[in-house]
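Take these sequences, add in the hints, and give me the full structure.
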Amino acid sequence: MGEQFVLLISASIFCVGTAGFIIRKNPLIMFMSVELMLNSVNFLLVTYSSFLNSLDGQIFALMIMTVAAAEVVVGLAIILTIFRTRHDMDVDHIDVLKG
Amino acid sequence: MFASSWLILLFPLLGFIGLSWYGNCIPKKLVGLVGCGTVGASFFMTLVTLSNLLLLPPEERLGQVQTLYQWVSAGSFKLDLAILVDPLSVFMFLIVTGVGFVIHVYSVGYMHDDPEYSRFFAYLNLFIFSMLVLVAAADFFFLIVGWALVGLASYLLIGFWREKPSAVLAARKAFVMNVIGDVGMVIAAFVIFESFGTLSFVDVFTAAPGMFRPNDDTVLLITLLLLVGAFAKSAQLPLHTWLPDAMEGPTPVSALIHAATMVTAGVYLIARCHVLYELAPYTMYFIAGVGIITAIFAGSMAMVQYDIKRVIAYSTMSQLGYMFLAVGLGVYSLGMFHLMTHAFFKALLFLAAGSVIHSLNGEQDIRKMGGLQKVMPVTHMTFLVGALALAGFPLTSGYFSKEAIILSSYHAEMGNIVFWAIAVLAAGMTAFYIFRVYFYTFVGGLRSPGAHPHESPLIMVVPLAVLAGLALLGGLLGPWVDSFLSPVFGRVVEHHHDNLLETIALAAGIGGIATAGLLYMVSKDRMSLIKEAMAPLYDLLSHKYYVDEIYDFLIVKPTKAIGVFMEQKAEREGLDFTVDQIGLQVKEVSRAISLWQSGKVRTYALNMVAGMVTILLFVVFM
Amino acid sequence: MIPRENIAVVKMIGVGAAGASLALSLWLLLSFDTANAEMQFVQMFHWVPALHINYLVGVDGISLWMVVLTAFLGLIAIMFSFTQKEGLRNFVALMLALEAGTLGVFLALDTILFYVFWELMLVPTYFLIGIWGEGRRVYATMKFVIYTLVGSLLMLVAILSLTMIHYGATHDVTFDLRVLMHTHLDPATQMWMFFFFFLAFAIKVPVFPLHSWLPHAYVACPIPALILLTGAMSKTGAYGFLRFCLPLFPEAVESFAAVIGVLAATGMVYGAWIALAQKDLKALVAYSSISHLGFIVIGIFAHNETGIEGSVLQMVNHGIIASALFLIVAFIEMRMGTRNLNELHGLSKAMPVLYGSFMLIMLAALGLPGLNGFVGEFMILMGVWTSSMFSGLSGILVLMGGVSIVFASIYMLYMFQGSMQGTSDNLPDGLTDIDRCEFKLILPACLLIILIGLYPKPFIDRITPSVDSLLHLEKTVNLHAGEEIHH
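Protein chains in written order, with my numbering: chain E, 776 to 874; chain P, 1086 to 1707; chain X, 1088 to 1574.
Hint data in this document are derived by calculation from the structure and do not stem from the laboratory. Ideal Cβ placement from N, Cα and C applies to all residues, glycine included. Zero decoy hints are in this set.
Below are the DSS-like pairs computed for lysine-lysine, each with C-alpha atoms no more than 25 Å apart in a straight line:
(1) P:K1685 x E:K800
(2) P:K1642 x P:K1654
(3) P:K1685 x P:K1672
(4) P:K1249 x P:K1113
(5) P:K1249 x P:K1629
(6) P:K1629 x P:K1642
(7) X:K1366 x X:K1436
(8) X:K1527 x X:K1098
(9) P:K1163 x X:K1544
(10) P:K1645 x X:K1366
(11) P:K1629 x P:K1453
(12) X:K1527 x X:K1172
(13) P:K1453 x P:K1616
(14) X:K1172 x X:K1098
(15) X:K1436 x X:K1527
(16) X:K1436 x P:K1114
(17) X:K1366 x P:K1654
(18) P:K1249 x X:K1366
(19) P:K1642 x X:K1366
(20) P:K1616 x P:K1629
(21) P:K1113 x X:K1436
(22) P:K1249 x X:K1436
(23) P:K1249 x P:K1645
(24) P:K1642 x P:K1249
(25) P:K1629 x P:K1645
(26) P:K1249 x P:K1453
If you want a taste of the chain X side facing chain P, the calculated C-beta under 8 Å gives, among others:
(27) I1361
(28) F1465
(29) P1543
Okay, the calculated bits of chain E under chain P, using three or more residues with CB under 8 Å as the criterion:
(30) 785-797
(31) 855-869
See the structure below:
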């Protein structure tokens, strides 16, 4: 596998994630899209780590996974709370923060 | 030798401080005693100073500057607190403290029943102090200080009965008019300082002749600016309207401030600055012109007034016009001489009028008086003496001073037939109006039935008698005044003899008396006929030429209106509005911008991506 | 830390702190070396060593009087604030903070320190007006704070640029005003920096037409705070002109002096004219302040000894007179429940002591010769008259000054006679004169009014050397932005 291939896969996964984040209205799906974006980066980091014979990339990937996990915990909690109070999961309707 | 002259100023100041602090705690008798005593003491000190001065040879009597301490020193602006002792200032001391003392004594009787007796004497002492500062000042700065302080004292005393709205208004009018004069003098002081680098009289007057050619712009500017002050203080046209209104004050005040001393400050100023004025012949001519116009203008108004004090007030204006004529013509010592005699007979007239008013319980309308010669013999006699002196009846003091001025108005260097003719006409008017008052007041029968006039107490009558003596005999001092003041003015006034002119002037005076007698004694029933025949003129005169109305319409009302207008338009709807609008507009814009924050997560995400793509494109392709 | 209820302790601390600072300032006054033009009693502590920002304070002849004045008014204001009914503890605390800020402004020699104190004045004022004020207090205090902030942020920009330009040329980071003062900037830089500084100070003074916060703030402000506001804080602007604008940007001053002179003179007449139309005593005094502050500004920009010394003296005078006038207004309002001239009349009968002190203060305010107001005004106008800064406009400016003096006599008499004289019928029963305590508050002001009027020399003498050195400042470091060092 060449570098280009890895880059291409990573970029396309990232784009899928981005598109999903923008298009979908369900917060859970949007969450998963965010995870996709993060993991595309992780994928890149890990591959390059093996290409460059350096552990830095893997450490970073682990770091990102940890942060992502923490993020999910908080994010899901927020989504649950919103659902409980509003019984509505359309993000377009959740706009109380508008100016 | 003259350090003791400070005491002249100190006594009245102490009197003022003492009376205003402790006036309410000490018995009435003591108040009167302190009030008169301080002025008496300063009169005594003036005599001491006078004798010291007379001991010196005439040429050494000038420029005795007594410095107390350095008052300020800021850059090139240095000033000492100092007084100038010379014949002119001592001459003024004599009048101020002398006449002032007599009037203080009179006031003890006149104000006896007033609940604020001590406040009155405190103010009177303040006035004497201020007037002494004015005439003692050794530089323009303290001249202005004194100038403004007498204005303050005059304000306080005009408005002494502070619950009387008309008195309050009159006081304000007097003060504001005088502030206008002060501002003129202050600016004059700036010009003087700029030109001479000093404000001291002695230095300025020494340097002036070498610095300016006659009628230089600067010297004209200085003299004219000083004149603003002089005209405001001495109620000359067009700054005269406050003086008649000032009669709202107690009568001794009118006698002291608005006849004998303060209003003559303008004349004193010109005499004091004669060195400058001689360099400005145009200004001199102007002074003489304004003086003579004021003399006839005020005299004409006095002929139709019914308020006894107002008649005398207009007469004061008119006589001040004569003094200005004299100093404008360059015969300073004649002006000062008339100032002195006028102080005697006008103070006398006011005090006698006060005595009449006192006995009629405040009545001032001459139509309601009459026949008082029987019940008030001393007042009557003294008033008659005053009236004769004012009218210039031969051998009274007024005769000597006024005749000399009238004669000079033709014979002096700048004199001419027009000045002379107007002066004679005004003299005739003077005689007419004062005897009109005399006949109204003292002859015939009493026209207010309810009143019980009585002769005033001794403490008021004695000052009247003293002043009457001075008014009668003061004319004999003429030659002495001339020679005493000659070192100051640098020359002795020439005495002209012109029998024709003298006779005509004399005839005008006696003619005036006779006309008054004829009109008000003999043919009283024909009065209304004359009034009708001259109705427009009469109307004009009795409304004081509508000057008050004109000022009100042209100056007072627009000023107020502009003030209100500016507050409404410039302040509220202009500046406030603009500033508030800036704030509001910023708010509006930020509200518009805040719409970008829609709260929709997906829009944010789209924006983010768009932004990232833009940056990427930028990085890649640039 | 002090319980809200313990009023006595609050009072004790308030008076103690203010009294101590007055005592210290008087000690400063006594041990001040009159002949010395340099900064005296300089003290320095490192504050932010990395940036060379120091706690650097000292006084010269100009700030000396400002410090004494502030400490004097601070004590009076705090004693008078005991009449506040609610929240006395916080009120006194904020008053002390305000006094501290103002004193700091007058003392600071480090530009950053100056800026910090400058902003420090703002915070207590905001709360004092916003919480204890009257009428449209929130509107007034917002307007005041925002207005002032706009100016002071621009000033911060200028302060930082000044040091950076200085660094660019000498590689020496310093915020020490004494060092910066001797640098010469090129004219273009001077212009914009001057403008930034000027705006900050002009808003604070205020100079016409930047004054529109003042009437609102003054009318809304509680009187004890107003004493500090008008007496001391409004002087910080004028002081800023003297401390920053004149020494740092001499060429800019020269080119703008005429414009500023016209603005100041316009403000003099404008304020006086609007004061003529006021019915509310507080608003009347507020507008008269605008007029009098115009005198101070014009004297500073006359840029000669007479003018500047007159201005410094007039700052002291105005501090005394205006705060005393506000005290009088407060006394009247406390008794009559109104400040409206239409509803006041004939008070003199019931209040002879107030009448006397009011008269003296009123006369000083309208510039009666012999009292302190006149000394200042006379020197200022004389400075303007002989000034070469106003390019031929001197005469007109002095004339405008004259007009505003005439107006001053009208509105002051109107205010005095309207409230004190006239008929004394139907005055409320039980109307009492000011009591002993109140008289003691007003008495020092009265004495100073007379003292300065009679003998201004000791006051002027201490100002003279500093003004002298200000006017003949030597520029030892010649700086041009972005260029190398020139000596």
